[in-house]
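Once you've looked at the hints, dock chain U against the given chain X.
First to last, the sequence lines map onto chains X and U.
Residues 0 to 263 in numbering that gives the first Met the number 0 are what the first sequence lists, from first letter to last.
Residues 0 to 355 in numbering that gives the first Met the number 0 are what the second sequence lists, from first letter to last.
Certain hints may be false.
What the hints assert, rightly or not - Covered stretches of chain U (in silico footprint by chain X; criterion: 3 or more residues with CB under 8 Å from a CB of chain X, positions within the stretch not fixed): (1) 94-104; (2) 170-181; (3) 237-246; (4) 338-346.
In short, the hints are calculated from the structure, not lab data.
Just so you know, even glycine gets a beta-carbon here, dropped at the ideal spot from N, CA and C.
Next come the chains, spelled out residue by residue.
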Amino acid sequence: MLEARDITVDLGKRRILHGLSLAAAPGEVTIVLGPNGSGKTTLLRALTGDVAAEGHISLDGADPRRLAPWELARRRAVLAQFARLAFPFTVLEVVRLGAEAAGEVGAAASARSRAALDKVDLAGYEGRLYQELSGGEQARVQLARALAQVWEPKGPEGPRWLFLDEPVASLDVAHQLQVMELAADYARQGGGVIAVMHDLTLTALFADKVVLLDAGHVAAEGPTAEVIRADRLARVYGCRIDVIAAGDPQRLIVTPVPDPRAAG
Amino acid sequence: MVALSEATGPVAGDRRARARRATLALVGLVLLASWAALATGAAGVSLPQALGRLVTGTGLTLQEQVVLWDIRLPRLVTGLCVGAALAVSGAVMQGLFRNPLADPGLVGVGAGAGLGAVTAIVLGGLLPPALAALAGIYTVPIAAFLGGWAATLILYRVSTRAGRTSVATMLLAGIALGALAGAVTGLLVYAADDQQLRDLTFWGLGSLAGASWAKLAVAAPVMLAAMAGTLWLARGLNGLALGEAAAAHMGVPVQRMKNLAILAVAAATGAAVAVSGGIGFIGIVVPHLLRLATGPDHRYLLPNAALLGAALLVGADIVARSVIAPAELPIGIVTALMGAPVFLWILLRRRGVVDL
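Here chain X stands alone, though its shape is the one from the complex (with noise of 0.2 Å):
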């Protein structure tokens, strides 16, 4: 269990998060869910330790805070926004860093690191440079160096947990489904999930639950079809937008619609 109470932040003289709390359950898909600014990164950033924040945080009942950080790297990895790397390290050695940072040395670290990039459907990019793929490349390779962190989603010490910020931001639509799919998955097994994203319609396919931030407080937390509505939506993007059950089996389509008044 992921749980935060009165998480404040200060970036400068800014209050960014104003004594927020949460929960994420293992076994679960949690998204963050807010507009620009709203504090969904620097949010995922106190819970990774990133950032300093007042408040308490637990990860399966231990401070974060307070784990030796070869002990936190087992328990949780972390995908960021941005990955700019400095050296000419080929996509296998990248994930490598993952696999190693769980433990696994030699062949053993290889295999996994292989099996993680066939998970993002990059098998057979293992000997390209990371640094001459596309963005959405590099995305994916950075995804896989954290599952090779965190492969087995339930450890000895408990579940394991994947920290996403916006990890389909820059990737086409088939691979931010299967991206999204894995990350379900790993719930299924009993990993835990924590995600920021943007996307509304795909959140709505994937959590099981949603955390709406506004202006650095909770607007909303609950089951996915709770969160999810068209009012509550509207009222913290500040646009109107639809959220229409349809297909088959039935799902969600979110859809922001245009007000006609600010035509012209």
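For chain U alone, coordinates are given in the frame of chain X:
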């Protein structure tokens, strides 16, 4: 270099086997360079004959004793240690700053160490006698280490914000630090007496000519310890290639690692400068060539850099004392002639990395 994009070894993208083969080849290169260094020199001493006499128990002639044992061998060992220390310092610093252009010699760390050494030479007499006695022959290396350490700290504070290093700031801060250290060193020259002036000239040029067992006994343990310490940094430096946050997510104790890296660079550079003065470009050329050949994994890059740096500096020293024999070129000229073009080549090839 062309082979870079080819599949290597049994697993594509896994260059560890190639890096290990490179280690073997580099050990061979070091042995070759060492042999050449012992065999080459102004005095007409034949190394095979001398070794033959050693093996058969006849004993060395006095000339062989002096030339080989007192002159060439300490010079060779100094060259090996300094070359290795400079190359490893360069590789660690590049990993720390996440930039292939960071080098202790270029960004003012060498200049800071030099200033420390010069200060110790000129003003060492002003130390309280008790302290001077305590520091003893270590005064100059310690001062060089402190100078290099201070320069590295300032450089890191100035050029790195929130885990990101600005290359422009780093290089400009390096220029400023280098100029400052140069100016203060210049002031100290006025306070120096004749003997000290001779010592000082030697720092400016960079040379292995002053090598002796006594100096080595002080500096070699520092260089070797610093290099051994960097082996602990290798995995962390790999993680750091993805940024400080990503490294921390992968379990790297980032702050502790950065502190140790800065200490190791300062110690290795300080000790190297203390025995040989300012020798540039080894720290840039060696890691760059190795990254091209076997990849940037620091677990292999650091030891291989030590070997290639050692071989390269000993080779440069052979050139320095052969081309105008019996006179000698300062070795700094030779390494700059080799290294500066490589530096420009990196700039040309990787303009994206240098985007100021």
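Notebook entry, point to check: Against which earlier hints does the structure fall short, listed by number upward?
Noted result: Of the numbered hints given earlier, those the structure breaks are 2 and 4, listed in rising order.
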